[in-house]
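In the order they appear, the protein sequences are chains G and V. So the first sequence is numbered by this note's numbering: it starts at 79 and just counts up by one. So the second sequence is numbered by this note's numbering: it starts at 4 and just counts up by one.
Treat the hints as calculated values from the structure; they're not laboratory data. Fair warning: there could be bad hints in the mix.
What the hints assert, rightly or not - In silico EDC-like links for lysine to aspartate or glutamate, alpha-carbon gap of 16 Å or less: (1) G/LYS172 with V/ASP73; (2) V/LYS47 with G/ASP170; (3) V/LYS70 with V/GLU85; (4) V/LYS47 with G/GLU81; (5) V/LYS39 with V/GLU61; (6) G/LYS172 with V/GLU56; (7) V/LYS70 with V/ASP21; (8) V/LYS39 with V/GLU85; (9) V/LYS44 with V/ASP73; (10) V/LYS47 with V/GLU61; (11) V/LYS55 with V/ASP41; (12) G/LYS132 with V/ASP21; (13) V/LYS44 with G/ASP170; (14) G/LYS172 with V/GLU102; (15) V/LYS47 with V/ASP88; (16) G/LYS172 with V/ASP33.
What the hints assert, rightly or not - Footprint (simulated), chain V over chain G, 3 or more residues, beta carbon under 8 Å: (17) 103-111; (18) 115-124; (19) 164-176.
Treat the numbers as computed from the prediction; the structure is a model and nothing was measured. Even for Gly, the Cβ is constructed at its ideal location relative to N, Cα and C.
One letter stands for each residue in the lines below.
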Amino acid sequence: KNEVEQSPQNLTAQEGEFITINCSYSVGISALHWLQQHPGGGIVSLFMLSSGKKKHGRLIATINIQEKHSSLHITASHPRDSAVYICAAGRDYKLSFGAGTTVTVRA
Amino acid sequence: DTAVSQTPKYLVTQMGNDKSIKCEQNLGHDTMYWYKQDSKKFLKIMFSYNNKELIINETVPNRFSPKSPDKAHLNLHINSLELGDSAVYFCASTRTGTEETQYFGPGTRLLVL
């Protein structure tokens, strides 16, 4: 079993809808990362968090350390948000990755 | 100004050949990584280096040999390439360790025929 589990695997939303992606991890971590991979293949870091909540524009990431769970929310989704979103658990110079969630936002 | 660059972007080669992928970061970071993304798009760490020293070697076959000549460079040499080595290889760097934001290179698509 993978150390990091994401759900759902795929998600389709209409433009403007609120999107939530969930991530659970089974290992101790020093930080939880959310990454975005666009269809072109490049990977960009969205958030790195070790507690609480972070917000950047329409994106919000939360983490519950006790429950070993994190969520990524996209508010007012837009077709340009279509990408693969990847959760990764970081500790001791190592990232363990989830399988990714493919998000498609339709206009 | 590319923060993390990789060369080449594409690499097509025959089984059994030896090839190298180069990575350079101009961010002044201490830690660099190699990741492999397989055909199912699953990312997995291969190596991490801190201050030119190998920290993580994640059960990678010894046909893969990373080399860090200085903190800004982490190269990956692959001997005797196999079909299963076909993947996208990403280099990344952080200021120090995984408690920092990761900056990824654009990836190198390797196809072994």
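- Message: Between the alpha carbons of V/LYS39 and V/GLU85, is the straight-line distance 16 Å or under?
- Response: holds (14 Å)
- Message: So is the region 115-124 of chain G in contact with chain V by the C-beta rule, three or more residues under 8 Å, or is the coverage claim wrong?
- Response: Satisfied; 6 residues make the cut.
- Coverage criterion applied to the region 164-176 of chain G (partner chain V; beta-carbon cut 8 Å; 3 residues): holds (count 10)
- Message: Against the 16 Å threshold, does the CA-CA distance of V/LYS39 and V/GLU61 hold or violate the hint?
- Response: holds (11 Å)
- Item | Pair hint G/LYS172 and V/ASP33, alpha-carbon separation not exceeding 16 Å | Holds - the C-alpha atoms of V/ASP33 and G/LYS172 are around 14 Å apart, at most 16 Å.
- Query: Taken at face value, is the distance from the CA of V/ASP73 to the CA of G/LYS172 at most 16 Å?
  - Reply: violated (20 Å)
- Three or more residues of the region 103-111 of chain G near chain V by CB distance under 8 Å? Per the Cβ count (3), the hint holds.
- Query: Are V/LYS70 and V/ASP21 close enough, with their CA atoms no more than 16 Å apart?
  - Reply: Between V/LYS70 and V/ASP21 the Cα gap is close to 15 Å, so the pair holds against 16 Å.
- Can the restraint linking G/LYS132 and V/ASP21 be considered satisfied, given a maximum Cα separation of 16 Å? violated (44 Å)
- Task: Quickly compare the C-alpha distance for V/LYS47 and V/GLU61 to 16 Å and report which way the hint goes.
- Result: holds (9 Å)
- Query: If you draw a straight line from the CA of V/LYS47 to the CA of V/ASP88, is it 16 Å or shorter?
  - Reply: holds (13 Å)
- Message: Just to be careful, I want the Cα atoms of V/LYS47 and G/ASP170 compared with a cutoff of 16 Å; is the pair within it?
- Response: The given pair, whose Cα atoms are some 15 Å apart, holds under the 16 Å limit.
In terms of the numbered hints stated before, the structure departs from hints 1, 3, 9, 11, 12, 13, listed from lowest to highest.
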